[in-house]
Each structure stands twice: as structure tokens, then as C-alpha cells.
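Number of protein chains: 4
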Amino acid sequence: MDKVHSDLLSLWFADGTNFAGQDNLRARKTRFEEGLKQVYPHLPIGSRMLVEYKFFEPAFYSTDLPDWGTVYALCLKLGEQAQVLVDLGHHAQGVNIEQIVAFLLDEGRLGGFHFNNRKYADDDLLVGSVNPYELFLIYNELTGAAQSGDQPAASTADNVAYMLDQCHNIEGKIAPIIYSVLNCQEAYAKSLVAPRAQLAACQAAGEVLEAHRLLTDAYRVDVRPLLAQVRIEMDRPADPIAAYRASGYEARIQAERGTANASGGYQ
Amino acid sequence: MDKVHSDLLSLWFADGTNFAGQDNLRARKTRFEEGLKQVYPHLPIGSRMLVEYKFFEPAFYSTDLPDWGTVYALCLKLGEQAQVLVDLGHHAQGVNIEQIVAFLLDEGRLGGFHFNNRKYADDDLLVGSVNPYELFLIYNELTGAAQSGDQPAASTADNVAYMLDQCHNIEGKIAPIIYSVLNCQEAYAKSLVAPRAQLAACQAAGEVLEAHRLLTDAYRVDVRPLLAQVRIEMDRPADPIAAYRASGYEARIQAERGTANASGGYQ
Amino acid sequence: MDKVHSDLLSLWFADGTNFAGQDNLRARKTRFEEGLKQVYPHLPIGSRMLVEYKFFEPAFYSTDLPDWGTVYALCLKLGEQAQVLVDLGHHAQGVNIEQIVAFLLDEGRLGGFHFNNRKYADDDLLVGSVNPYELFLIYNELTGAAQSGDQPAASTADNVAYMLDQCHNIEGKIAPIIYSVLNCQEAYAKSLVAPRAQLAACQAAGEVLEAHRLLTDAYRVDVRPLLAQVRIEMDRPADPIAAYRASGYEARIQAERGTANASGGYQ
Amino acid sequence: MDKVHSDLLSLWFADGTNFAGQDNLRARKTRFEEGLKQVYPHLPIGSRMLVEYKFFEPAFYSTDLPDWGTVYALCLKLGEQAQVLVDLGHHAQGVNIEQIVAFLLDEGRLGGFHFNNRKYADDDLLVGSVNPYELFLIYNELTGAAQSGDQPAASTADNVAYMLDQCHNIEGKIAPIIYSVLNCQEAYAKSLVAPRAQLAACQAAGEVLEAHRLLTDAYRVDVRPLLAQVRIEMDRPADPIAAYRASGYEARIQAERGTANASGGYQ
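Chains as they are written, first to last, in the working numbering: chain A, 4 to 270; chain B, 4 to 270; chain C, 4 to 270; chain D, 4 to 270.
By construction, these hints were calculated from the structure, which means they are not laboratory data. Backbone N, C-alpha and C define an ideal beta-carbon position, used for all residues, glycine too.
Using C-beta positions, here's what the derived DEER-type ranges look like:
| no. | chain 1 | residue 1 | chain 2 | residue 2 | range |
| --- | --- | --- | --- | --- | --- |
| 1 | D | Ala164 | B | Thr33 | 42 to 48 Å |
| 2 | C | Gln41 | A | Pro198 | 56 to 62 Å |
| 3 | A | Ala17 | C | Asp18 | 27 to 33 Å |
| 4 | A | Thr33 | C | Asp18 | 44 to 50 Å |
| 5 | C | Asn162 | D | Ala246 | 42 to 48 Å |
From just these sequences and the hints, can you work out the full model?
Have a look at this one:
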């Protein structure tokens, strides 16, 4: 980490078993803890170790780090530099991911995200492409924590490592990455629009419907014009995908490399 | 149906078994078909029988009509007046509901909807409150079919029976119903915004990312101002929930009936 | 099929879309039907076309044939030689697979099985290794249909194509295949032990607990000694896996081919 | 607890929210911790507080204690008398429950079980009636820990509070309770049959298939004759359900109380 000037060690482990009886589950837990306890002390000062959980696959019967609780417990044992990495596709169906985010923020243990989306399995689709409202609700927790001034939630929210962990098969490569960033920017901007003081008042008063409505009204806002304006003020193209396509970059690298069309049909 | 001037017979069956072995699954299927075949011929001309499926509960091991396929097969046996009713909460996790809608539209067998929403089980929450994008995608199929002119999809889309099947426990009663209608209107309006000719061209050209973006850009539009304008032009209140609250109706019935606050805190 | 002397055309289609909007779902349905309608008439007399459904993957947003209902409806359009293939790993979580089997048996449309097992996704584990009771309940439907004499269920049960569709990564190759066959033999033998007349009487009398108990008591029987006896009477080894290991086959092919240990550690 | 001579305080909380925005998730977490921290110091010496988690319902959008990780983290904050209660029906689909059991045993925080079973939702069916193999695998962890001598796993396994949390609707009342106890006894007995030394040797040698087979061979054993023998040696009826039915108790209370048949049809 010193050599490559990195202050984040991001770990995902594929370990687990495929069959009941294949191994002793408690012995595996012990070995896992022992292994990471050997690595942890070598972390440079000021750096963090992010540990990722995954509900299923590539191990088929048991995954050694299957859920946030396992990793959180492990981080408590390791020390304050160990934090949990949340990959949006690594949960059982029906899990409330924003609640996990809220928990980890509150404990100062949210290390970062692997953003992507999925319909059923861990298919690493474009973030926000299957359930954009869920992405907004996740950003809502981040923004709420950052604006709260609470310790350690606010400081945690400022240190979250945002990563895309996606796999683009048929929609091109670079344009979908830009699109993913736009989806995150929109979700983030919408979370900034939420009137937090008013929301807190409704929550305190038990105004269930109005509190829900206030939050979802922020989601309903079309923030694209606002984001375009921000980009212009920052000397960036108002429409990044259009700018990318206009740049001729993709056509050029296709010509150079002889690859097939790489961004979903556009040249 | 003649007596009550109804042309829709909407059926949901709670039947099933709680334990493997409790009953013979094929015998139950036979009895179900025999029963409905006795009822079907009595349908008034021009009326329809809507049959609802449900993935789980109140029967715990097997539900006699657990999925759309079972009901669709039953409808084929009964006749053209029998159609499938889709309750949004009656599917396994991860099911693509809009694809079921597309199938049934295409076959002329989509009878209607029970609108609601759920995070995990069949909890009859406000439609659009958990996954508003899914609601949009369902309306997208309806609008696409209606605008296609295809037979029988277009005519089916015109005859869908829209129902709310919700249960309001803590958020009031009438305001959330109004809110649910607004959610449906927004999803419908967004589906009308989608540029179908351009979308079809992208789809035909295999422009994966752009096709996805065109559709989701329609979803991104904030249609609330448009809907408010439509309401004004129809001599309706621009903000139906505000109008309801201003009407004093809820305060009046609370005073009359001595009930607790019934719409999530507002009088 | 004539050339290779096959009377089964087994089809699984990977087709679908990865993103909402990528394609028109109804148009895809139409194209699928048109394609198979061109193939179907070329089936040799007496042969069958088995069509497989799959809930998710490799397409990530929509799968063209996602469930048994879609394939069943397709088979009805094609003709009596078209039947549904049930892969045990191709369902949403919580689906009652034995009920699908019962339905298809009853309609004469159960073409065959791809046997395997899974904890969450479609991981093609050893059949019976995750939920052996479910495998028993599936065989219970097959045996019940075969013994019923009902038309078409009984004749369907006699014509089911049984296939393993598994992927052995770490447990060897041939020994786990033998083990899978043993698991199927045990589930089948247990289903033959169920006292059907007594079970039917309990079911008819509404003796819920006793009916369940009768069926599960059949499952509780340890049929391994019985199966060993049957094998001996058929001049087969009583313990097929032990016989395979004693044969030296695996050591021989490892030596010949220079491969690593291929059956989970045994030579 | 002193007054009623109880040393177990078993807590399940229905708290949560129905809609995104209804409340502040971190504030709820804080309030929950504060509340339990007030209760905890009042626990009598030697007593335990068992805290239960539940994935969904009765709250529909978020449950304050949705998973084992949340409760485990809470228990760490409270103190050593706080432990996790595992209800078999309170997990997402696909969760590996025996792995949670292994974790909690290893940390000395497995307080007890609410035994039951379910196909999809939390339907409180007879334990072992939907997936008896899963029940065996849970007992396998308990027995493995007890026999290991490991600290704290072995001592934890000795102090687990076993409870049935079931709801009998159509199968009678008392007979199904007896049946549930029998199911637990069978699963426990099978776990005692597993050859742990041999299993550990296979696991250490990476004999994947053989290790799996050794464990499942224990499950395959029909332990009913053994359990009958144990009961006889303990001066108990060999067949408890038959003994209950022969006792006339159910007929007598039906006559006395005028209730309907209460145990699934038998008198």
C-alpha cells in the first residue's frame, strides 16, 4: 500500500463450501479470523481495510463472509481501521440495504460501496438500472448522516469509498460507466433536495404519510437540468454521454484496436 | 352480477394445503377446474371472470392457484370471458411482473390489477411506495400495447380493470388512497412520455444502452406539473391531497364518529 | 434426430434482455413463437421437443422463457409433441416445484427433468444435496401419477426423460455422478414405500396431521439396505461408489491423462 | 423474573416502519439501544436476556431488528447476559441458518431457538415439516459444538433454550406439538450418529464428497427404532402420538369444552 500510495485495502473473499459437511463451519470462522488478524497490524497508519461480504457464490452451500453482520463482527475484532464494504448485489432478496448503510454509518464502520444493480442474482448491472429508488434511499442515508453532524455517522459519510463494480456485456463499456456515474449523481442530488428539517418534524409528529411523501417528493424531482447547470459551471460538458460520443474516442480506439463496437451501438 | 349491474366477477381463492401429503395435488387441480367450469357458463354475456393467483398464504405449503401460469391455463379451459388478475404483491421475489403483463396483454387475457406494493411479503402497501420504477414499467407495457394497435394487446389494454388492493394501518385511510391514485397517474403519465418510435428504432438497431436510457429518461421526467395542469383543465384541484385536507372532511367524520385520526396525522 | 437416433429434442434458450427498454417484450414473445413454430413440424413422428424454462440468467433483466407457465403456453400452441422440461435449479426461491410437476403430469406435458440442487442461485449442485426432502416430494408426484392409472398423468410419468444437469467443481467427477444417481434411487424408493391407499383415505377424511405423517414416514425409511439388495439381485455392486473406487478406473485415467484427482480426493 | 422464578427474558420486538421516510433509521437504532440499556442492568444474576430478530413483518418497510447481525451487535453492547434468539422462520429466503448457529455458538451468544418451519413467509408450521434436512444441519452444529469441548461453543450448546413457536390451524393442537418434539428428537439423534472423528479427517484431507456423504449418511439413518427403545428404557410410550390418542384425553376435553376436533381429525 505504501508503494502504490494506496490507503485502502479492499478485500473480497471467495471462500466457502459447496456441500454440507465439506468443512467445519466454526473451524473456518476461526481460520478466517486468525488470517486477517495477521494482516491487520501491517496496515499503514491512516489506511483502512475494507472487507466485503457476499450472500452467495462462488461458494454454493456456505460463504465464509455471507452478510454484513459477519463482517461487522470481524471488524470489531480487528480494530478501527477495519470497515465493511457494501456491494449492492450481495444480499438476499428483500433485504433493506439502506438500513444496513444506516447501521454502519452510525457505528463508523461503513467503508465503501461497490455500486451495481441486479434483478435476482449478483449480475453487476448498471447501478440504478433495476431499482433507482433504492439507490436514492441509500444516498438519503449518506446525506442524512453527513448533514446531521452526528458522531461518528457524519465523519463516516465523508470517508466512504465509492466504487463501481459492474460488468458490461452488451451495452458498451465506457458510455455505461458514464451513465452509472450520472445515475449516482442524480440519486445524490435528489437526496440533497430532501427538506430534512421538515422531514424530521413530520417524523417526530408521527405524520407517516406526509413524512413518506416529503422524502419521495425529493425523489420525484427531475434533477437533470440542475446537474447540467452544475457541470457547465464546472467547465464540464452538460451532457457527458453526448460529449463522449462526440469526442470520437470510441471510434478511434475501435479503429486502433480492431475491436467490435464497445458502447452499445454508438460510434 | 345482473342484479348489481356488474360485468366483472373477481375471484381470489384462499385454497391450498399446509403440509406435504395433506391432500393430493392433482385431485385438487381437478376439483378446482370442475368447480369453475360449473360457474363459468352462468356469466352474463359481455361480462368477465377475473381469476387471481397468489404465490403464498393463507395456505402455507401449496396454494391451488400459485402463479399466473396456473390461472392462465385455467382460463384457456374455461373460455374467453375468463382472464387473469395480477396482484402486484402475489409473486415470488425477483419475478419480472411487467413481463407477465406483456404476456397476458399479448394473449388478450389480462383482466385487471390489484395494485399495491411490498418489500418482502404480501403487505398491501401503497402502490409505488417500495418500487415506483416497477410500477412505471408495468404502465409502460400497458401504454405500449394500447399505442401499438396490435390485436389483441391493444384492445386488452383498454379493458383492464384497475383496482387498489391495499391495507392502510398507520398512514390514515383516505389520504393514502388519493396518494395511491396519484402514484398511478404519475406512472401512467411517464409511460405516455416515452418516445415509442425512437425507442423501437433503438431496439431494432440493438442500441442497448440508448434504448434503456430513452425509456428511463421518460421515467425521470417530473410529471407533477403536467398532471396539475390536466387537473385544472378538468376543473379538479391541482393538488388532490391538499384539497382533501382543506375540505375538513376528515376532521368532520372524526368528530361525528369519534374515531382516531384516520389519515396519518393530518386534520 | 433421425441421424443420431434420438427421439428427444431438448431445448434451452439463453435469450432475454439485460435492461428495461432494451427490447419490446411482446415482440420478443412473438418472435420466439414464430421461431419454434418453424421447427416443430420437422419433429420426427414419435419424438418429443422438450422446452426448458429458467428464472434468471444469463439474461439479467428478462428471460424469454422464465417460468413453466410461459413454456406450457408455448407447448399448447406448438402441439402435443412439445413438452415442458423442469430443471430443479430454475425457479424463484420458495416455489413449490412438486406442484408444477403435478400440474404438468396431469396435463400430459411433463417432458423431463434436469436434476440438480441449489441453495440460492442455479449452481448445479448434486441432486438431493441441499434439500433431499424436496426431491422425495417430486418423486412422490411421479410415483403417485404412475400408480394412479389416471390419464394422461400415468402415461406421462412413464415417459419422463430423467437427466442430470450438474457441474462438479471440487468433489470429483464420476463418483458424484454415481452419488447423484443413488440420491435419485433413494428418493424414488421412498416414494414407492408410501402407503397410497391409506394416504388417500386420510386425505379424504381431512386427517391433516396423519396424512402428512404417513407421507413423511415413507421418507424416514432408510432404503439403503433395500436398494443394496436390489442391486445384488441384479448382479450389480451393492455399494456402487465403493465399487467404482475399488475398480482403479480413476487412478488409471489420472495416470494416463495426467489430470489432478478427479473425484473428491479418492483414488 | 425473580417472582416467576424465570432465568430467561425472551424479547421480540414488532417495531419498525412501513414506509421509507416514515422515521429516521439511525434515530430508531439509538432509541432501541438506549431502551435496552435501561432494562439490562436489572437482569437477575445468572439470568439471560434473549433478543429475537425477524426479517419482515409486522413492520413492512424496515424492521428495527431485522437480522442476527443487528441483534448480535446489540448484545455486544449490552453485556454477556444478552444473547441472540434464532427463530427458524425469521430469515430471508436462501439464508444458511446453520451457519448463523455456528457463528453464535462460537461466540457464546446463541441464546435459544424458536423452532418452526416455513415454505416462504413466517408461517410457523411444524418444525421439520418443510425442510427436515435443514433441521438436522442445525442440530449438527449444536452436537458438533457440544462434543468439541471448545470454549465457548461447547458451554453455549449446553445452555440453549429450545422453544417451539408454532401455530396449528388445521392439524390439531396437541398431537402436532408431540410430533414437533419427535421431529426434533430425530434430528438430534441423527446428529449424534455422525462419526465426527472420521468426518474431521475427511474435512482435513479435502475429501469433499466423502465428507458430505458421511454427514448425510447420518441423516439417512432411520432413528425411529432407536428412539422408541430409548423411550421404553425411560418408561415412556414407544410411540408418543399413539399413546396420546389412546389416552382419550382429546376426546375428553372436547366433550368437556364443546370444542371441535382439535388434533387433525383423530379422537
